[in-house]
Amino acid sequence: MTISAGTRLGRYEIRSKIGAGGMGEVYLAGDEQLHRKVALKVLPVDVASHHDRMRRFKQEATAAATLNHPNIAHIYEIGESDGTHFIAMEFVDGVTLRELIHGKQTDLAKLLRYLQHAAEGLAKAHAAGIVHRDLKPDNIMITHDGHAKILDFGLAKLVEPPQLSGSGSSEVATAIIQRHSTPGAVLGTVGYMSPEQAQGRIDEIDHRSDIFSFGCILFEAVTRKRAFEGKDAIDSLNKIIREPVLPITELNPSAPADLQRVVRRCLAKDPEDRYQTIKDVAIELKELRRELAASAGIDVTVPTTTGQRQDTDIPGSQTAGGATHVSSAEYVVSGIKQHKLAAAIALLLLVVGAAGLGLYLHARNTEAAIYSIAVLPFQNRSTEADSEYLSDGLAESLIYRLSQLPNLKVSPTSSVFHYKGREIDPVKVGQELGVSAVLSGRIVQRGDNLTISAELVDVRYNKLLWGEQYDRKMSDLLATQREIAREIVEKLKLKVSREEKGLAKHYTENNEAYQLYLKGRFYWNKRTEDGMQKSLEYFQQAIERDPNFALAYSGLADTYDLLAAPDAIGGMPPNEAMPKAKAAALKALEIDDTLAEAHVSLAHVNYYYDRNWAAAEREYKRALELNPNYPTAHQWYAVYLMSSGRFAEALAQTRRAQELDPLSLPINMTPGWVLLNARQYDQSIEQLRKTLEMDPHFILTHHRLGLVYEQKGKYDEAIAEFREVINLSAGKPLGITALA
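Heads up: the sequence shown begins at 16 in our numbering, then just goes up one per residue.
Cross-link-like lysine-lysine pairs, in silico, DSSO-like; alpha carbons within 30 Å at most:
#  : residue 1 : residue 2
1  : K541      : K488
2  : K294      : K488
3  : K294      : K506
4  : K443      : K705
5  : K508      : K435
6  : K506      : K478
7  : K478      : K508
8  : K119      : K254
9  : K294      : K125
10 : K506      : K435
11 : K125      : K488
12 : K435      : K478
13 : K139      : K301
14 : K139      : K52
15 : K424      : K435
16 : K294      : K139
If you are wondering where the hints come from, they were derived from the structure by calculation, not from laboratory data.
Generate coordinates for the entire structure from the input sequences, incorporating the hints supplied.
This is the structure:
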C-alpha cells in the first residue's frame, strides 16, 4: 500500500511522514474517534510476515499497552488495515535524549532529572514484568515542557532471535551483526547492550539487562562519550563483555564521586552485582540531585565535545536544522534488508573472534583480597519504640550470611556486640579482633520508612572501601540486607563461586517472618530468662508466617537448649524443654540439612539429654564440616570431648573457638573448665582468671573457679567464689547447689 497524506489506516488519517528506518516508516496521524495526534508506525511487510516474532511482539506490546505512567509513551493500538500492520502510539513532541546530550552544554542536574524520571518509568514497566531490551538515548524523548518519556517497549521482540544455547553460536552472531550492519548505525545499539545480550544468552536476559543499558546512557549523559565505544561492532562487544568502564571522573572531573559509584554499579558485568531494581537507581539519582541543589553555585556541567558533533551516525536523524528525530527502534533490523556483504564480512570476523567474545571476565583490582571481617552492631538512631532489634538484627544477619563463605573469617556476634553502644575506631577494633576489615553503620526507622547507612573500612590501610545509604520501606528490609551482603563480598575481592558470591541461600521470602526472626534473636542474645520467653514467642510467630523458615526453627531449638540448662539460663525443666529443642532442630534439618546451627542444637540434645553420645559426635562433626568457622560448634564439641575424657582434643577445639571468637566469655571460660576436668588445676585457675579480667560479673567463670579451688582444698576461696555466684545470679539454683 502506498501511504501519503490523507491515507486512512483504520480510524487513523495520515497527516505527514516524520521518519523512516528498518522497522518501517513513522507518520503523524490523527485519531478521528478520540481527536488526538498519534505516531503511527507502519511495519515493513517482511517484518510483519514473520509470524513467530509478530506473535511474541504482540504479546509483549499488549502487556506494555497496559502501562500507565507519565514517563512512558503509551501504546494505543496494534492494528492491521488491508494487510498493512501498524502500531499507534502516543505522539511525543520534543527531542531525543541523544540530541540533548550531544547538543549545547547541558546542566548536569537537568540531565539527572530527566534520567531519574526515565528510571521511574522503567521501574513501572519492570514491576509489571516488562523488560525493554533496547534502551538507548534515542529511545528516551524529552518533551518541550521538560518531561522524559521512554519509547518502543516491546519492539525488541520483533528482532530478538528465539532462545539460543551458548555464546558464540553462529545464529547469535548472525542476529547481532545483521541487526547492526548499517553504516553509521553499528554502535547505535551495540554500545548499550548488556554482557548477557552481547553473548546471546537470551534466556538470562531480565530487568537487570535494562539496568546495564541505563548505566550506559547515564555514562554518556555525564561524559558525552559512549561507555564501550569501539572501532567497530566486534570491538564494542568485546569491551562490553571483557573490559571495565572508565571512571566518569576521568572524562568529567566535575562529576560527583557518588555518581561514579552509581554508574559503576549499573555497569557491573555480572547481573548479581548490579542494582537489583531500577527503582534503587531512581532513588540514588534523586538524592544526587538534592546534593547538587544544596551545593548550588558550584558549576557542574557536562563537558563540551571537541568540535561540533555530527548526527549522521545516529540512525534516522538529520543534521541540525533538519526534520524531527524519531525513535531509533525502527532501525534495528535494517541490516536484514541492506548491506548483505557487510553483514557477511562482519559475521566472519565475529566467528573468528568468538573465543574472545565467549569469555566473561571481571576487571580485577591489584589490591590484596581481604579474608577477615567484623560486622559491628549498627547504631540505632530511630525514634520508634522497640526498634533496637533492627540495628542488632541487621548486623547479626550479615554476620550469618557472610559466615557461609568458606574462605572468609567473620567475627561472631558475641565478639562484635562487645562494642555495642560505644564510639569506635575501626582500626583499633580491627586490631583487637584480628580482622582486616570492619563494617559499621547506622539505622533510622520513621514509621514505615527505613534509612540504612553502611561503611566498610580496610583497617590495614585505614581506607574507606565502600559506603552506601539505602532509603527503603520496612517491607524492603530483607532485600536490602541481601544487597549489602553482596556489596561487601564484591569489595573484599574474594575468589568465590557464583553461588557463593550471590549468597544464594534465602531462608525466607516473607519480610514479616524475617522481622519476627530478628526480634527473636535480639531477645535471645540478652541471655535472660525473660528474654528467652520473648524469643520463643517471636520465633514461633515467625514460623506461623513462614512454616518453612528453617532458621526460625533453629532459633527455637537454641532457646529451648538454654532454658533447659541450669548453669546457663534455666527456667524450664529439661524433660520439658529438651524434647521441644530436639523437635525444632529436626524440623529445621528436614527443611535444610545444611544448617550447621541445627546440627549443633541436635547434638546438644543427644549429648545432654538423650545420652546418645555416638549420635552427638556425628552431629557435631557434621556441623563443623558444614561450617568450620562456627565457634559455638567448636566450643560445645569441646565440652563433649571433655566429658569423654579426650582432653587434648577438647583443648584443641577450645583454642580454635577462641581464635574465631576471642571476646566470647563462655568460649574463654571453656578451656579453664576442660583443664579443671583434666586435673590441671593451676592452669585452669590461670585461664579462668583471664576470663574474669574480661568481665568480673560472668557467673559461670566464678562457678568453675569455685570448683577448682574446692578440688585444690582451698575451701575459703571456693566459698567466696560460690557466694559471688549467688550474688550475681540473684539466688538461682546454680549458686545455692554449689554451696550445699
